[in-house]
Amino acid sequence: MRRDLALVIALALAALLVALLPAETWLSALLLVPLVLILPGYALAANFFAPRTVSRIERAVYVVTLSIATVAIGGLLIQLVLGLNRGVWIAFLGAVTIGAALRALRRYPDRPLEWPAAVPWTLPVASLAFLVAAVIAGLAIASAGDGLREAQSRIRFTDFWLVPADAAAVGASEEQLEVGLRSHEGRPSRFDLRVSLEGRVFLSRSLRLRAGESWQRSFAAPEAPPGVPVVANLTRDGERYRRLDLVPER
Amino acid sequence: MRRPHSLQATAAGARATAGARPRPAARARRAPGSRYALGLAPALALSAAIGVAVIAIANNGARLEHSGSEAAFWLGLLLIYLPIALRLFGRSAAPPERMMLVLTLGMALYLVKVVHSPAGFTLHDELASWRGVRDLLGSGRLFADNPLVGGYSVFPGMTAVTGALRQASGLSIFVSALILIGLARAVLMASLFLILQRASGSARVAGIAIVVYVCNPSILYFDSQFGYESLSLAIAGGLLLVVMRGAGLDPRKRRPSEAGMLAALVLLTAGLVITHHLTAYAMIAFLGLWSVVIAITEHRSVLRQMLAPARLSAPPRLSSQLARLRVGPALGCLTMATAGLFWFGFVAGGATQDELGSVFTEAISAVFNLLTGGSGTKTLFRAGTGQVDPLIVRVLGLASVGVLALVIPLGAWRIWKSYRTRTLAVSLGVVALLYPFTLVPRLTQAGSEISQRASEFVFAGIGFVAAVFFLHLTKSAGNGRARLYALIATGLSGLVFVGGVILGESPVTRQPGRFEVGAESRSISPQGAAAARFATEHLPRNSRVLVDGPNGLLLGSYGDLEPVIGSIRGIPVTTVFFSKELGFNERVVIVRDAIEYVVVDRRLGHSLPVDGYYYDREEPLTHERVQPISAAALAKFDRIPGIDRIYDNGPIVIYDTTGVRLR
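Chains Y and L are the protein sequences, given in the same order. For the first sequence, my numbering begins at -8 and goes up steadily by one. For the second sequence, my numbering begins at 40 and goes up steadily by one.
Do not rely on the hints blindly, as some may be mistaken.
[Unchecked claim] The calculated label-pair distances, taken between Cβ atoms and stated as ranges, are: (1) Glu166/Y with Glu620/L: 43 to 49 Å; (2) Ala160/Y with Gly425/L: 32 to 38 Å; (3) Asn581/L with Glu166/Y: 40 to 46 Å; (4) Pro217/Y with Pro659/L: 33 to 39 Å; (5) Gly203/Y with Gly425/L: 24 to 30 Å; (6) Arg140/Y with Arg641/L: 22 to 28 Å; (7) Gly203/Y with Val630/L: 37 to 43 Å; (8) Leu701/L with Gly190/Y: 23 to 29 Å; (9) Leu445/L with Leu71/Y: 33 to 39 Å; (10) Arg580/L with Gly203/Y: 52 to 58 Å; (11) Val432/L with Gly74/Y: 49 to 55 Å; (12) Gly425/L with Val192/Y: 26 to 32 Å; (13) Glu620/L with Gly74/Y: 33 to 39 Å; (14) Asn581/L with Leu71/Y: 22 to 28 Å.
[Unchecked claim] Pulled a few chain Y residues facing chain L out of the computed Cβ check, cut under 8 Å: (15) Leu18; (16) Phe40; (17) Tyr53; (18) Ala211; (19) Ala212; (20) Pro213; (21) Pro216; (22) Asn224.
Because the hints were derived from the structure by calculation, they are not lab data. C-beta atoms are modelled at their ideal positions from N, C-alpha and C, and glycine is treated no differently.
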């Protein structure tokens, strides 16, 4: 029995089992990424190209490209009749992988590939060097992420909005408005909010928000003459900061 | 122990090119236990990883506007490129080492893109792709209209694969895309190596050819982005390998079954055709060219190329005719052309014409005007802001083109002399000769994109002819002289590599940094992302919005809105921004084009756009503007009855136009 195809079937079955678990973990990602990008192509390539007719590297190219083409074409056809979701994808890819692997096992039962069983890990120093290179590259990406976060943390601003709200969502019968703000100030800041109609303040709040914190509030739109807007003014640390306006109920 | 087939193939190739002199690599392969020797590949992987780290640090410095970050960026790139190039130009590396070096080079250059945008998408096509995947996840269906790039909706291959990866694994779209495109890059490098190795019979030629191939201006960012072209190049590599295998370009004794190759050919063809138009058309053109070369050099008609000799005992049935089909370039071309025509005719024709038609017609028109004196050339190395690259950069950019212009005819001549019977080699030589024709459009504004996108295909041929020429130059040299030649060639290819980066990416977007107006990735700001987040949380999905280009990308992707460009009733929609008042024309645009929101980024009034336009290439004074857009024109929405100011984060304000539309 070919160990490589047996391994492919086992991995596909394991992926199907893991997919049944409710929580998505690193283990499920580890098994399910190959189910999309590796296993279907491996099983198909085992059918299309008999053992020892193509080199290992060439087979690896086919493994990935056939997987990609299978997912693309399969998705295209399936979505004509079914919505694509996690279950559909996993069932489809599992079926293709296991079906193709079983067929290859019948066609070429006792002609094992050299790959992956004979991958030459003969040089521990070389393997170590590649591992160190991968770690350095990983650290470089992490450092780039940190650098981006640091640069972005220096850009300080606050989102401020005043929009019509979904009355049904808040269980109200009259027209609702929503006012809100989200702080990206990089430090705790004090905000004073005043919402008014024709100079009459009907909503006033003093807020202290930390970086990343948000606040929002829905309220009934006041009776207003046609074309007269509700005005929301925001001050930050005692200084005028933002102003919005919205004409309710048109 | 039996010698692995892959090494038999490469050894045969090496004999064909090495001449009489025994080479160190050949001796090394004969030594017991050294068949898999990776030589200096591990050490060079380390140097490449250090190069990536240097670039990451340089980019961090650039974000904080530290001096020296640009120099560090170039240092990092050269740390990746030069050591690997020197090793590949040399004689002593064995084929497995060359393959490993090629993979290392390709992946390190991919990581340069990753450390440029390590936490999210910043490029145009990436954000458009993100929207496509997001729509798939939401609806479970492909073909949803993509408001950012129409072509993505009718070429859903990458969307389907990324969606499958996202849904199956639970990883984010961003991480799924990084894995997918990284894998595609590795596959592209491996397949290109195998293709060029078989075209020449030499792993050394293949390695050198790829050293030159990665000098193409698209490799660093465009072909590394989460875009359908990046994925399609990998599929095209696999497809070409199948065709080559069918054509018998491998000295391996055992041949896969014709049915198996045919099945792989059909599956990969279908995968490619639904993934990317341009790559599919390029493949049709290349396979057609190769078939014609075979027909000319081997006196075999195209039909004979597609069919195995008839078996007399076979009855004249369709199934027996199908059984006679022989995979090769002619059948590959026919399959691709049939599938491409079907997809164009029944699914993607309109979107493809919309996307590519205008690009090609504008480029052709611009080149025609240039040649007939109807217009002058664009000013090379000059950004839309008027900023001109330093002299040294301009010299390097032009010198890189000069080196290639010199090498291509010499290499093509050498192919004609030595490889005339190798049809694939001749075809690659013809591809290389297209290079000057791809340069002419670069001299025009409208043709720059065509020139840039052609490079990723043409450079496969350029790399090949350059490698053939270099091997001819050094074949009779002693070891000392060969090392000197390798050093000189490394220097020259380094020059071409640097020139490719200069030509391919403006100095503004080469590295991240502070916000710039109209500068693609440099215009993607936290405020823009926050506005997009507000939009997706509070505004109706697919609302039509007028917005500048970069913020439009964010609102059209993360914001789930539909940015509007173009014109309505002959009025360009951008007039809404440029006019000082909201007059009749502007109201016509808002009402007739059903514009629900207008987004104003007040930073636009501070400077000229780097790319030459703020909103749309069709806007007035594109590339000719000498003053920034008027701040008063941007502020006019604050005082217009019927327009509500509903969102403000400082630089970005969103206005609701309901009042204007209902009047």
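Q) How does the Cβ-Cβ distance of Leu445/L and Leu71/Y compare with 33 to 39 Å: does it lie in that range? A) violated (54 Å)
Q. Is it true that Arg580/L and Gly203/Y lie within 52 to 58 Å of each other by Cβ?
A. violated (25 Å)
Q.
Given a hint of 23 to 29 Å, does the C-beta separation of Leu701/L and Gly190/Y actually sit inside it?
A. For Gly190/Y against Leu701/L, whose Cβ atoms are near 26 Å apart, the range 23 to 29 Å holds.
(Q) Min Cβ distance, Pro213/Y to chain L: is it shorter than 8 Å? (A) violated (15 Å)
Q: Would you settle whether the hint for Ala212/Y is holds or violated, based on the nearest Cβ-Cβ distance to chain L being less than 8 Å?
A: violated (13 Å)
Q) For the pair Glu620/L and Gly74/Y, does the Cβ-Cβ distance stay inside 33 to 39 Å? A) violated (49 Å)
Q | Cβ distance range 22 to 28 Å for Asn581/L and Leu71/Y, holds or violated | A | With a Cβ separation near 23 Å, Asn581/L and Leu71/Y satisfy 22 to 28 Å, so the hint holds.
(Q) Please check whether Gly203/Y and Gly425/L have a Cβ separation lying inside 24 to 30 Å. (A) violated (39 Å)
Q | Val432/L versus Gly74/Y beta-carbon gap, inside 49 to 55 Å or not | A | holds (52 Å)
Q) Per the hint of 22 to 28 Å, is the separation of the Cβ atoms of Arg140/Y and Arg641/L within bounds? A) Roughly 25 Å apart at Cβ, these two residues keep to the hinted range, so it holds.
**Q.** Range agreement (Cβ of Val630/L with Cβ of Gly203/Y, hint 37 to 43 Å)
**A.** holds (39 Å)
Q.
Tell me if the beta carbons of Ala160/Y and Gly425/L are separated by a distance inside 32 to 38 Å.
A. violated (51 Å)
Consistency with the previously given hints fails for numbers 1, 2, 3, 5, 9, 10, 12, 13, 15, 18, 19, 20, 21, 22, ordered from lowest to highest.
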